[in-house]
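*Asks:* Sequence:
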Amino acid sequence: MRLDRYLAERLGITRSDSRKLITKGQVMVNGVLCKKADTQLDENAAQVTAAGRSLGGYQKYVYLMLNKPEGVVSASRDRRDTTVTDLVREDFPRRQLFPAGRLDKTSTGFVLLTDDGGLAHDLLAPGRHVPKRYLVTLDTPLTERMRAGFAAGVTLADGTQLAPAGVEAVDPRDPCRVRVELRQGVYHQIKRMFGVYDAGVNALHREAIGPVELDPALAPGEWRELSGEEVSALKEATGKI
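Note that our numbering has the sequence shown beginning at 6, numbered continuously upward.
To be clear, the hints were calculated from the coordinates, so they are not data collected in a lab. Values in this document were obtained by computation on a predicted structure and should not be read as measured data. Glycine included, each C-beta is placed from N, C-alpha and C at the ideal position. There's no promise every hint is true.
As the list claims (entries may be wrong) - 27 Å max Cα-Cα, derived DSS-like pairs, lysine-lysine:
#1 Lys29 / Lys40
#2 Lys25 / Lys41
#3 Lys65 / Lys40
#4 Lys25 / Lys65
#5 Lys25 / Lys40
#6 Lys65 / Lys41
#7 Lys29 / Lys41
#8 Lys65 / Lys240
#9 Lys196 / Lys110
As the list claims (entries may be wrong) - Restraint-style ranges between C-beta atoms, simulated for each label pair:
#10 Ala80 / Arg10: 47 to 55 Å
#11 Arg10 / Gly205: 45 to 53 Å
#12 Ala56 / Asn207: 44 to 52 Å
#13 Lys65 / Lys25: 24 to 32 Å
#14 Thr145 / Arg58: 51 to 59 Å
#15 Ala56 / Gly190: 40 to 48 Å
#16 Gly122 / Gln45: 34 to 42 Å
#17 Gly122 / Ala224: 24 to 32 Å
The whole structure should be built from the sequences, with the hints applied where relevant.
*Replies:* And the structure:
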């Protein structure tokens with residue numbers, strides 16, 4: 006990507022303003038002053054600093070791990086509520102980021118934000134069977150009937166037949182806290198699955214997508230970029246590597 010375009014996207018300014026930064030000698034690439042707006046940046050190889058602010062390197066795609074707080078909606082835009090992309094917009098003003106998969110407004114946990122449509126599609130495609138893991142608090146104890154029903158594949162109230170899923174108690178002393186693993190995505194799936202057994206969901210928290218677990222250091226609303234190893238692990242989970 007051209008340097009002036011990268012600055013415009015990263016800083017949320019016009020291409021004209023980014024060129025002014027460059028010509029004024031306020032931009033460095035890999036520690037060297039750069040005054041050429043058409044300088045080509047190689048992905049992950051060029052470290053850019055503008056007006057003393059480190060912008061990192063150019064990336065074709067962005068991959069962010071967000072710990073979604075309760076009350077935030079899993080969408081790119083919403084007229085009424087704060088969205089998951091609103092939480093990162095200041096740092097990525099020109100990136101067209103979106104959540105790769107959704108969590109209910111009242112649910113919390115790992116949301117992957119990216120602009121890599123190919124990876125998002127593969128992670129969500131039913132045929133890829135990429136697991137997602139959730140910590141769930143029920144209003145009634147887990148039963149053997151629920152466990153067997155999940156393993157066989159729950160039939161929802163509307164007749165939809167779901168793929169087999171896993172459910173286990175987190176702690177034998179608290180049978181209302183369970184861990185669920187799904188390999189498909191259906192609207193309000195976990196709540197509807199437990200609803201078949203007249204059990205309500207009081208809290209739902211996504212812990213992991215495929216082999217990548219939510220960073221415990223991230224407080225609700227905080228985020229970080231995925232490491233190269235984590236991105237590779239997600240791609241491998243889809244069978245693309």
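*Asks:* For each hint, tell me whether it holds in the structure or not.
*Replies:* We went through each hint and held it up to the structure:
1. Lys29 / Lys40: Distance ~8 Å between Lys29 and Lys40 Cα, so the pair holds.
2. Lys25 / Lys41: holds (11 Å)
3. Lys65 / Lys40: holds (23 Å)
4. Lys25 / Lys65: holds (24 Å)
5. Lys25 / Lys40: Given pair Lys25, Lys40 holds - Cα atoms ~10 Å apart, limit 27 Å.
6. Lys65 / Lys41: holds (21 Å)
7. Lys29 / Lys41: holds (11 Å)
8. Lys65 / Lys240: Given that 27 Å is the threshold and the Cα spacing comes to 15 Å, the pair holds.
9. Lys196 / Lys110: holds (13 Å)
10. Ala80 / Arg10: 47 to 55 Å: Given about 27 Å between the Cβ atoms, the range is violated.
11. Arg10 / Gly205: 45 to 53 Å: holds (50 Å)
12. Ala56 / Asn207: 44 to 52 Å: The hinted range 44 to 52 Å holds for Ala56 and Asn207, with Cβ atoms some 48 Å apart.
13. Lys65 / Lys25: 24 to 32 Å: holds (26 Å)
14. Thr145 / Arg58: 51 to 59 Å: About 52 Å separates the Cβ atoms of Thr145 and Arg58, which means 51 to 59 Å holds.
15. Ala56 / Gly190: 40 to 48 Å: holds (43 Å)
16. Gly122 / Gln45: 34 to 42 Å: violated (24 Å)
17. Gly122 / Ala224: 24 to 32 Å: This hint holds: roughly 29 Å between Cβ atoms.
Checked against the numbered hints given earlier, this structure breaks hints 10, 16; the rest are met.
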